[in-house]
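S.K.: What follows is each chain in one-letter form.
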Amino acid sequence: MNNKTVELLVGVFIIAGIAALLILALKVSGLNYYPGQNTYQLTASFDNIGGLKVRAPVRLAGVQIGEVKAIAIEPKTFKAVVTLAIDSKQDQLPTDTAANIQTEGLLGSNFIALSPGYAEDFLKHDDRIEVTHSALILENLIGQFLYNVNKK
Amino acid sequence: MINQLQSLGRISIDTCTSIGRSGLFLTQVLFRKPRIRRSFPLLIRELYSVGILSLPIILVAALFIGMVVALQGHNTLAKFGADAQMGQLLALSVVRELGPVVTALLFAGRAGSALTAEIGLMKTTEQLASMEMMAVDPLWRIVAPRFWAGFISMPILALIFNAVAIYGGSWVAIDWLGVTSGTFWSNMQAAVGFRVDIVSGIIKSLVFGLVIIWTAVYQGYDCVPTAEGMSRATTRTVVYASLMVLGLDFILTAMMLGDW
Numbered sequence: 030m031n032n033k034t035v036e037l038l039v040g041v042f043i044i045a046g047i048a049a050l051l052i053l054a055l056k057v058s059g060l061n062y063y064p065g066q067n068t069y070q071l072t073a074s075f076d077n078i079g080g081l082k083v084r085a086p087v088r089l090a091g092v093q094i095g096e097v098k099a100i101a102i103e104p105k106t107f108k109a110v111v112t113l114a115i116d117s118k119q120d121q122l123p124t125d126t127a128a129n130i131q132t133e134g135l136l137g138s139n140f141i142a143l144s145p146g147y148a149e150d151f152l153k154h155d156d157r158i159e160v161t162h163s164a165l166i167l168e169n170l171i172g173q174f175l176y177n178v179n180k181k
Numbered sequence: 284m285i286n287q288l289q290s291l292g293r294i295s296i297d298t299c300t301s302i303g304r305s306g307l308f309l310t311q312v313l314f315r316k317p318r319i320r321r322s323f324p325l326l327i328r329e330l331y332s333v334g335i336l337s338l339p340i341i342l343v344a345a346l347f348i349g350m351v352v353a354l355q356g357h358n359t360l361a362k363f364g365a366d367a368q369m370g371q372l373l374a375l376s377v378v379r380e381l382g383p384v385v386t387a388l389l390f391a392g393r394a395g396s397a398l399t400a401e402i403g404l405m406k407t408t409e410q411l412a413s414m415e416m417m418a419v420d421p422l423w424r425i426v427a428p429r430f431w432a433g434f435i436s437m438p439i440l441a442l443i444f445n446a447v448a449i450y451g452g453s454w455v456a457i458d459w460l461g462v463t464s465g466t467f468w469s470n471m472q473a474a475v476g477f478r479v480d481i482v483s484g485i486i487k488s489l490v491f492g493l494v495i496i497w498t499a500v501y502q503g504y505d506c507v508p509t510a511e512g513m514s515r516a517t518t519r520t521v522v523y524a525s526l527m528v529l530g531l532d533f534i535l536t537a538m539m540l541g542d543w
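Residue numbers (the working numbering), protein chains in the order written: chain A, 30 to 181; chain B, 284 to 543.
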């Protein structure tokens with residue numbers, strides 16, 4: 030086999046490897062969803078975030094519009110501060126939007142559901158969502174239920 | 284009694300010597316003055332024989348392994364009514380484990396043994412010695428291009444294996460077993476992380492590639508220059524490389540699943 034064919038085939042081989050990496054990155058791990066530049070940040074503090082993790086989806090009316098970027102503890106209040114990266118196209122969220130931590134199905138993972146309010150002003154970059162509801166922790170609910178049943 | 288003790292000692296000394304020699308050999312191959320313009324054509328030729336000629340077996344194996352994982356997974360998951368999690372099962376098991384490990388085993392059998400036999404035959408027929416007589420360094424001319432070709436092609440082969448296996452599995456799951464295409468892919472994308480799963484798969488395949496190709500060229504270069512010695516060296520390459528791949532896989536998995 031002559032040199033040119035060999036070189037051509039090796040080039041195709043390398044390209045195939047890069048293509049496979051791109052397929053794995055984009056199609057399998059879904060890396061492309063939020064490239065980072067076209068987002069703005071909001072923060073929200075919760076009493077308890079349950080099992081919420083970084084990169085959990087943020088949904089508005091069930092549609093994903095962003096993801097959780099960071100989770101930290103507020104020093105004095107001991108609340109969990111969650112930083113959300115929201116798609117810049119969704120820049121018309123009213124200032125009294127509420128953030129709830131919800132669970133996908135009974136045993137699924139946690140996500141943040143935003144429910145818009147009625148204010149005239151919109152949330153901007155680095156604003157804080159004031160109305161929040163903590164995660165519903167199934168074990169606590171069962172505990173409270175059993176406690177109530179025992180009391181009766 | 285004394286004799287047995289002596290033979291035990293001899294075996295351990297031999298093992299240590301051979302590990303040390305292979306380490307020295309590796310450093311000699313790795314740390315040498317790069318002559319890129321003259322080495323590059325040699326590297327291309329070796330990439331062809333090590334990488335591209337291994338592609339058919341990798342592609343066929345990947346297709347069937349992906350399809351089998353999908354079939355088995357569906358059989359089990361359907362019992363719990365969880366066949367929506369098929370994508371997750373398939374992608375995680377392929378990207379984390381099956382891709383790097385199966386590619387490495389096939390690569391050791393297909394390319395590693397061929398390299399050992401090739402270099403071993405060169406040594407047996409004294410081609411390496413005559414090269415040295417002509418002031419051509421056989422480590423540069425023969426060993427280094429093969430080494431780098433193996434090290435480069437192993438992760439590429441593993442990536443191709445992953446992609447083909449996932450598409451093979453998706454074909455069985457979606458077109459044959461009737462899993463909904465949307466839930467299949469979105470569950471997969473939710474479960475697979477680029478950094479934690481795909482990059483660690485690539486790191487695994489790099490380590491496996493290094494171990495396999497090192498064993499292969501060392502065994503060929505160090506073989507006893509007879510027909511029997513060559514056949515032993517080839518066997519040793521496949522056995523040692525496969526065992527080291529499986530052992531290292533355990534260690535690497537433990538490191539990656541721990542906080543690393």
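The reader is advised that the hints may include incorrect statements.
What the simulated footprint calls covered on chain B by chain A, stretch by stretch (three residues with Cβ under 8 Å from a Cβ of chain A suffice, anywhere in the stretch; the number is not a length) [stated by the list, open to error]:
| id | region |
| --- | --- |
| 1 | 315-328 |
| 2 | 393-399 |
| 3 | 427-441 |
Derived by calculation from the structure, the hints in this document are not laboratory data.
Note that the Cβ used here is the ideal one computed from N, Cα and C, for glycine as well.
S.K.: With a Cβ-Cβ cutoff of 8 Å, does the region 427-441 of chain B contain at least three residues near chain A?
M.R.: holds (count 4)
S.K.: Are there three or more residues in the region 393-399 of chain B whose C-beta lies closer than 8 Å to some C-beta of chain A?
M.R.: With 0 residues close enough to chain A, the hint is violated.
S.K.: If you look at each residue in the region 315-328 of chain B, do at least three have a Cβ nearer than 8 Å to any Cβ of chain A?
M.R.: holds (count 3)
Hint compliance for this structure: hint 2 is the single one not met.
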